[in-house]
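If you read the sequences in order, they're chains A and B.
With UniProt numbering, letter number 93 in the first sequence gets 93, and the count goes up by one each step, no holes.
With UniProt numbering, letter number 154 in the second sequence gets 154, and the count goes up by one each step, no holes.
Check before you lean on any hint, since a few could be wrong.
Calculated pairs, BS3-like style, for lysine-lysine (alpha carbon to alpha carbon, straight line, at most 30 Å) [as the list claims (entries may be wrong)]:
1. A/K155 to B/K25
2. A/K189 to B/K25
3. A/K209 to B/K25
4. A/K209 to A/K231
5. A/K135 to B/K229
6. A/K155 to A/K142
7. A/K217 to A/K234
8. A/K154 to A/K207
9. A/K127 to B/K25
10. B/K231 to A/K155
11. A/K217 to A/K155
12. A/K127 to A/K114
13. B/K192 to B/K229
14. A/K127 to A/K217
15. A/K142 to A/K110
16. A/K186 to B/K25
17. A/K207 to A/K155
18. A/K217 to A/K142
19. A/K207 to B/K25
20. B/K25 to A/K154
21. B/K229 to A/K217
22. A/K142 to A/K154
23. A/K207 to A/K135
24. A/K142 to B/K25
25. A/K127 to A/K155
26. A/K154 to B/K231
27. A/K189 to A/K142
28. A/K44 to A/K60
29. B/K25 to A/K159
From the structure, some residues in chain B lie toward chain A, with a derived Cβ separation under 10 Å [unchecked claim]:
30. G2
31. A3
32. A22
33. R23
34. D27
35. V30
36. K44
37. I46
38. Y71
39. V73
40. P76
These are calculated hints, taken from the structure and not from any lab test.
Glycine included, C-beta positions come from ideal geometry on N, C-alpha and C.
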Amino acid sequence: MAVPTQQSVGLHAHDADTFYDSDDLSDEQIQTLLQEAETRIREKQTAAENHSAAAIRIPKLKAGELAKPYVTKNGEVAIADQTRLLDNEQRLLSNKPRRVEDPVVVQQKKIAEKKATAGADWFNLPKTELTPEFKRDFQLMKMRAALDPHRHYKKENAKAVPPPFAQVGTIIEGSTEYFSARVHNKDRKRTFVDEVLASENSTGRLKRKYAEIQATKTSGKKAHYKALMAKRQKKKW
Amino acid sequence: MGAKGGQKVILEPHRHKGVFVARGKEDLLVTKNISPGESVYGEKRISVQNSENPKEEINGDGPAPATTTEYRVWNPFRSKLAAAILGGVEDIYMKPGAKVLYLGAASGTSVSHVADIVGPTGVVYAVEFSHRSGRDLINMATRRTNVIPIVEDARHPLRYRMLVGMVDCIFADVAQPDQARIVGLNAHLYLKVGGGVVVSIKANCIDSTAAPEAVFAREVQKMREERIKPKEQLTLEPFERDHAVVCGVYQRSG
Numbered sequence: 001m002a003v004p005t006q007q008s009v010g011l012h013a014h015d016a017d018t019f020y021d022s023d024d025l026s027d028e029q030i031q032t033l034l035q036e037a038e039t040r041i042r043e044k045q046t047a048a049e050n051h052s053a054a055a056i057r058i059p060k061l062k063a064g065e066l067a068k069p070y071v072t073k074n075g076e077v078a079i080a081d082q083t084r085l086l087d088n089e090q091r092l093l094s095n096k097p098r099r100v101e102d103p104v105v106v107q108q109k110k111i112a113e114k115k116a117t118a119g120a121d122w123f124n125l126p127k128t129e130l131t132p133e134f135k136r137d138f139q140l141m142k143m144r145a146a147l148d149p150h151r152h153y154k155k156e157n158a159k160a161v162p163p164p165f166a167q168v169g170t171i172i173e174g175s176t177e178y179f180s181a182r183v184h185n186k187d188r189k190r191t192f193v194d195e196v197l198a199s200e201n202s203t204g205r206l207k208r209k210y211a212e213i214q215a216t217k218t219s220g221k222k223a224h225y226k227a228l229m230a231k232r233q234k235k236k237w
Numbered sequence: 001m002g003a004k005g006g007q008k009v010i011l012e013p014h015r016h017k018g019v020f021v022a023r024g025k026e027d028l029l030v031t032k033n034i035s036p037g038e039s040v041y042g043e044k045r046i047s048v049q050n051s052e053n054p055k056e057e058i059n060g061d062g063p064a065p066a067t068t069t070e071y072r073v074w075n076p077f078r079s080k081l082a083a084a085i086l087g088g089v090e091d092i093y094m095k096p097g098a099k100v101l102y103l104g105a106a107s108g109t110s111v112s113h114v115a116d117i118v119g120p121t122g123v124v125y126a127v128e129f130s131h132r133s134g135r136d137l138i139n140m141a142t143r144r145t146n147v148i149p150i151v152e153d154a155r156h157p158l159r160y161r162m163l164v165g166m167v168d169c170i171f172a173d174v175a176q177p178d179q180a181r182i183v184g185l186n187a188h189l190y191l192k193v194g195g196g197v198v199v200s201i202k203a204n205c206i207d208s209t210a211a212p213e214a215v216f217a218r219e220v221q222k223m224r225e226e227r228i229k230p231k232e233q234l235t236l237e238p239f240e241r242d243h244a245v246v247c248g249v250y251q252r253s254g
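Chain A on its own, in the form it takes in the complex (with noise of 0.2 Å):
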C-alpha cells in the first residue's frame, strides 16, 4: 500500500489496520481500496470457478517402466543386448545337436521293439536265440517221447517250429529238498542234448534200441542174406 502519509509518519506495515480504521480517509483512498476489494474478489471468484474445473480433472495413469529396447545407441554405434535377444532355454536348446524324429522311423522303431519281445503281457520274454544249440536242443524235445519209456507226453508235431519268444534256463532245486533232487555239479551239462547224451553213455539205451529196430528191418534184406549164405558155406566147409 503506498500511501504517502504511511512513510512520513514511520508507521510499520503491521499497523496498517489501525492505519485504516481511522476516520482520516480521503474519498480517493476509499475508491482505490473499493476497486482494490472488487478486483480481489473478481480474482477469487474466477479462481473458484478454475478449481471446480480442476476438481473433474482425471488424474494422469502411471504407466510404469518401459521396457527398455533391445537394441541401444552408443554414439554413433548400436548394440544389441545378446542376453535378451534369446531366453536362456532356447539358447541351451541351441548349443545342443537337434534330434530330428522321422515319424515313419519312430514307429518302425516302435514295433521293431515290440517285435524284439514278448510284450508287457508275458514280462517282455526275448526273441528266441537261434543259435544251433537251442535248434538243436528244440528238435530232441519234439521227440522227447523216444526218451524214457515210462514217461507219456502229449503228441506232438513233428514239424513244429521253434517258438519265437523263448529262453532256456536252468532248474535251481528248493533248499529243503534231497540230493535226489539235483545233478551233482560235475554233471551238468550245457544243453539239453549234452545232458540226454550223457545218461546214453550210462545206460547205452538208445543204441541198443537202434540196434534192435536195425536187425528187424534189414531181417530179409540184401545184407542179411549174404550173412546167411556166408554162414552156410561156412557150414559145408
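Guided by the hints, dock chain B onto chain A, whose structure is given.
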C-alpha cells in the same frame, strides 16, 4: 523222478498272460518270480541268464549288462488255479497289471504265484480268516509288495473296505457251505462290472452227502442269482478229487 536241479529247460510263454511253460524232459507251469533268489514254499526255481545286449544302450553307459531272471515252478497238486490252467480253462481273468481279490488265501502259496502273474503293476488283496495261516501269508507278503494281506472274515467284506479298491477279478477258494454268498457279497462291493470270478468248489465242503455234480450245479445256480454269469466249469480231476472250478463274469443287470 521229476525235474532235477541243474537240468536245462526251454522257457516259453503260456496261452494265459503272465504265465510261462518250462519244457524239458517234462513240462512245468511257471511264473516269473517277483522277488528273485527266493522260493516261497520250497518250490523249484528256474534261472535264466539274459545275454549282454550290445544293441541296447542304457543312458550312453555302454551296452546293457547281462542279467538273470527267475521263474518259479507252479505245482498243480498244490494250487487249484494251476490245476485249472493245466485243465485248459479258457480265461483266468488275471494278467499283468490286474487287481485281484483272493478269498481264502491260506498260507499264500498260490497267492505268491498270482502276485507273480499280476506283476509289480498289479495288486493282490489276499483275504484269510485263520490267524495261523495269516501269519505265513503276512510273511510271504513282506517280500512281495504287490500283495496286501488281510486277516479278516470274507463274510464281512465291509471290514476291509478301507484296504480294498475296485478289482478286476475275484478268486475264491474258501471251501465253505455259503461260498456263493461270500463271493456275491464281495463281488457286489469290490468287483467291477464285467470283472471275472473264478471259484474253486470242493463238493465235500458244501454238501458231503449229495453227488458232486449236483453240488456243482447248485453252486452255479447260486452264482447266477448273485448276478455272476457262469462261463465255464471244469473238474480238477487228475489233481484233485471232486473239485470243480467255475469261471464267470459279473454283471450289473440282467
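Do the hints match the structure? See the list:
1. A/K155 to B/K25: With Cα atoms ~14 Å apart, A/K155 and B/K25 stay inside 30 Å; holds.
2. A/K189 to B/K25: holds (14 Å)
3. A/K209 to B/K25: holds (19 Å)
4. A/K209 to A/K231: Judged against 30 Å, a Cα distance of about 25 Å means the pair holds.
5. A/K135 to B/K229: Given that 30 Å is the threshold and the Cα spacing comes to 45 Å, the pair is violated.
6. A/K155 to A/K142: Answer holds: A/K155 to A/K142 is near 9 Å, not above 30 Å.
7. A/K217 to A/K234: Holds, at about 25 Å.
8. A/K154 to A/K207: Measuring from Cα to Cα gives roughly 25 Å; hence the hint holds.
9. A/K127 to B/K25: holds (23 Å)
10. B/K231 to A/K155: With a Cα-Cα distance of about 29 Å, the restraint between B/K231 and A/K155 holds, given a limit of 30 Å.
11. A/K217 to A/K155: holds (25 Å)
12. A/K127 to A/K114: Holds - the C-alpha atoms of A/K114 and A/K127 are around 10 Å apart, at most 30 Å.
13. B/K192 to B/K229: holds (14 Å)
14. A/K127 to A/K217: This hinted pair is violated, its Cα atoms lying about 42 Å apart.
15. A/K142 to A/K110: violated (34 Å)
16. A/K186 to B/K25: holds (20 Å)
17. A/K207 to A/K155: holds (24 Å)
18. A/K217 to A/K142: Given that 30 Å is the threshold and the Cα spacing comes to 24 Å, the pair holds.
19. A/K207 to B/K25: This hinted pair holds, its Cα atoms lying about 19 Å apart.
20. B/K25 to A/K154: holds (12 Å)
21. B/K229 to A/K217: The given pair, whose Cα atoms are some 59 Å apart, is violated under the 30 Å limit.
22. A/K142 to A/K154: holds (11 Å)
23. A/K207 to A/K135: Holds. A/K207 to A/K135 sits at ~23 Å (cutoff 30 Å).
24. A/K142 to B/K25: holds (10 Å)
25. A/K127 to A/K155: Holds: A/K127 and A/K155 sit about 26 Å apart, inside 30 Å.
26. A/K154 to B/K231: Holds: A/K154 and B/K231 sit about 27 Å apart, inside 30 Å.
27. A/K189 to A/K142: holds (19 Å)
28. A/K44 to A/K60: Within the cut-off at roughly 27 Å; holds.
29. B/K25 to A/K159: At roughly 19 Å apart (the allowed maximum being 30 Å), A/K159 and B/K25 satisfy the hint.
30. G2: holds (7 Å)
31. A3: At about 5 Å, which falls below the 10 Å cut-off, the nearest Cβ of chain A leaves the hint on B/A3 intact, so it holds.
32. A22: Hint on B/A22: holds, closest Cβ of chain A at ~7 Å, below 10 Å.
33. R23: B/R23 check passes; min Cβ-Cβ to chain A is 6 Å, inside 10 Å.
34. D27: Holds, because the Cβ-Cβ distance from B/D27 to chain A comes to roughly 8 Å (cut-off 10 Å).
35. V30: holds (9 Å)
36. K44: holds (6 Å)
37. I46: Since the shortest Cβ distance to chain A is 4 Å, the answer is holds.
38. Y71: holds (7 Å)
39. V73: holds (8 Å)
40. P76: Violated. Min distance 15 Å.
Against the hints set out earlier in the document, violations occur for numbers 5, 14, 15, 21, 40.
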